[in-house]
Amino acid sequence: MSNAIFKVTKPGLLTTIQDCGRVGYQQYGIVVSGAMDSFSMNIANFLVGNPRNEAVIEVTVMGPKLAIMKDVIIAICGGNLSPKVNGEKAPMWKSLEVKEGDTLEFGQPLEGARSYISVAGGFDLPFVMESKSTYLKAGIGGLEGRALEKGDVLYGAREENGKSGRALHRDKVPTYSNEMEIRVVLGPHHRAFSDEAVHTFLSSTYEVTPQSDRMGFRLKGPTLEHTTSADIISEAIPLGGIQVPANGQPIILMADRQTTGGYTRIATVISGDIPYLAQAMPGCKIHFREVSVEESQDIYENNDRLIRTLEKVSSLR
Amino acid sequence: MNLDYHPLGDTGIQLVFGTEISEETNQKIRMFAEELSDHPIDGVVEWVPAYTTLTIYYVPNKISYRLLQEKLEAINDQQHGREAASASLVYIIPTYYGDEDSDLSFVAESNGMSEEEVVNVHANKDYLIYMMGFVPGFPYLGGMPEEIATPRRVDPRAEILPGSVGIAGSQTGIYPLESPGGWQIIGRTPVKLYDPSSEEPILLESGHYLRFVSISKEEYTEIDSAIKRGEYVVQTEEKKVG
Chain F
1 MSNAIFKVTK
11 PGLLTTIQDC
21 GRVGYQQYGI
31 VVSGAMDSFS
41 MNIANFLVGN
51 PRNEAVIEVT
61 VMGPKLAIMK
71 DVIIAICGGN
81 LSPKVNGEKA
91 PMWKSLEVKE
101 GDTLEFGQPL
111 EGARSYISVA
121 GGFDLPFVME
131 SKSTYLKAGI
141 GGLEGRALEK
151 GDVLYGAREE
161 NGKSGRALHR
171 DKVPTYSNEM
181 EIRVVLGPHH
191 RAFSDEAVHT
201 FLSSTYEVTP
211 QSDRMGFRLK
221 GPTLEHTTSA
231 DIISEAIPLG
241 GIQVPANGQP
251 IILMADRQTT
261 GGYTRIATVI
271 SGDIPYLAQA
281 MPGCKIHFRE
291 VSVEESQDIY
301 ENNDRLIRTL
311 EKVSSLR
Chain L
1001 MNLDYHPLGD
1011 TGIQLVFGTE
1021 ISEETNQKIR
1031 MFAEELSDHP
1041 IDGVVEWVPA
1051 YTTLTIYYVP
1061 NKISYRLLQE
1071 KLEAINDQQH
1081 GREAASASLV
1091 YIIPTYYGDE
1101 DSDLSFVAES
1111 NGMSEEEVVN
1121 VHANKDYLIY
1131 MMGFVPGFPY
1141 LGGMPEEIAT
1151 PRRVDPRAEI
1161 LPGSVGIAGS
1171 QTGIYPLESP
1181 GGWQIIGRTP
1191 VKLYDPSSEE
1201 PILLESGHYL
1211 RFVSISKEEY
1221 TEIDSAIKRG
1231 EYVVQTEEKK
1241 VG
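If you read the sequences in order, they're chains F and L.
FYI, this note's numbering numbers position 70 of the first sequence as 70, with every residue one higher than the one before it.
FYI, this note's numbering numbers position 216 of the second sequence as 1216, with every residue one higher than the one before it.
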């Protein structure tokens, strides 16, 4: 019996398969990729009884239309892009059963920019360097290394009897506004800027521009002036690194960033705030707030504790 | 030597080994990375060597920034006066220079040399792989003689084939996958630097060396088909010190 789950009838703006990305290959120049909003991916998986890093569908702003080919448990988490099953509003942050012949589609983006669809048992797709994440530039991962297209069929990896109606507690459901405070640890090159520029960076409002994608978010705001050159000898660049080229306008490095880069970086976004940032639409206003390394690691601990608790609950069924 | 340590958010630490690009600095970075791989630190996920830095990514619920820095400082103290545990390798890259539509003649002309002279300067010398990046499997090579340095093409090519060997300014490199680009292409190797379906998807590693060896068109075809049959192994030799 075929284990076909979804047939793509409309692909949407950019619909790709993502998991936690290619970990361990950056020293060879392999881009990490992975879900932009890893929190939503993790929760979507827990709700259907999957391991936290099972591959999911990442939906961007304008979602796809999918024909359901078998009865299956799914969950939709992340930005609210108006998911509908057979034209009726579908619940988010809650597992649900869809039936053969149903249609899952998306409408207006209401809140956030990216939604994640998990399916109980995961998708049957090959691992490339231990990950199913799509990296478009090198044409690897996901379905044939590309975004989903009309006519594509996605197959289930394992028969799983996830349960419908499992929901994330309302208090834990994130909200995404059009104005965000994003916490950063300064450096490593903040000394390449004047004190005034660092102050400007931490006290001004920056706006996400339409020139923003999975590789990086280009921001617009007060110019950050360098006291030295804007260029450095190329070095590794982390997720959330905020590089400032000579034009003084910051760029936040996201999931599909290259492994190395040659621009000064004024600060790094803490990992706990990346999932929120991933939901920023063009026009979103961002305020940066400095935290110490110790604070950033306390925040990591707290987030990690929540994820591990949810993981435990999810594995209990 | 004293290293500078910088936090990269909550999950990264950068070690700065110097401010200038040099073989000596690069070898120190290679030795440090070797130590991390021989004696893993719990919580460390991966690391990326570069020209003057080594960046380490870790999970802070396993190890805090302060504790990790202490451990790295201890490693650095032990490194003092230590010899590398393993010798650097030289990867031998067979290269067919001067295909029909290559830029070899342009490179020769703009440097006032014959094509043969350009090949002689470019091949049979060991280039240090300072770091990997830009695209999967791309080596940043150091040490190309200035006498064959050539500016990028005025009209970049829309398509450069994998294995193309090129020059851009005073840099030389190999394209691991098909891409557009402005490098002056002087030759091509049948050797695969990047093969996502392979068990070891990336051929090269930073801190080692690479040597181009000139081959004929016939040899190119032979090696190419041996690779396709899965019967070709890239040759390496130990780098002779001094």
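Because the hints were derived from the structure by calculation, they are not lab data.
The C-beta atom is built at its ideal place from N, Cα and C for all residues, glycine as well.
There could be a bad hint or two in this list.
What the hints assert, rightly or not - Going by beta-carbon spacing under 8 Å, a handful of chain F positions derived as facing chain L: (1) CYS20; (2) GLY24; (3) GLN27; (4) GLY151; (5) VAL153; (6) GLY156; (7) ILE182; (8) VAL185; (9) SER212; (10) ALA230; (11) ILE233; (12) VAL269; (13) ILE270; (14) SER271; (15) GLN297.
Unchecked claim - Coverage of chain F stretches by chain L, computed from C-beta distances (three or more under 8 Å per stretch; other residues unrestricted): (16) 93-99; (17) 127-140; (18) 255-266; (19) 275-282.
Consistency of the hints with the structure:
1. CYS20: 11 Å, violated
2. GLY24: At about 5 Å, which falls below the 8 Å cut-off, the nearest Cβ of chain L leaves the hint on GLY24(F) intact, so it holds.
3. GLN27: 5 Å, holds
4. GLY151: Cβ of GLY151(F) sits 24 Å from chain L, so the hint is violated.
5. VAL153: 22 Å, violated
6. GLY156: Result: violated, 23 Å to nearest chain L Cβ.
7. ILE182: 11 Å, violated
8. VAL185: 5 Å, holds
9. SER212: Hint on SER212(F): violated, closest Cβ of chain L at ~19 Å, above 8 Å.
10. ALA230: 16 Å, violated
11. ILE233: Holds, about 5 Å.
12. VAL269: Check passed: Cβ of VAL269(F) comes within 7 Å of chain L, closer than 8 Å.
13. ILE270: 5 Å, holds
14. SER271: 5 Å, holds
15. GLN297: 4 Å, holds
16. 93-99: Result for this restraint: violated, n = 0.
17. 127-140: As far as the region 127-140 of chain F goes, the hint holds, because 5 residues have Cβ atoms under 8 Å from chain L.
18. 255-266: Three-residue rule met by the region 255-266 of chain F, so holds; n is 3.
19. 275-282: violated (count 0)
In this structure, the hints that do not hold are numbers 1, 4, 5, 6, 7, 9, 10, 16, 19, in rising order.
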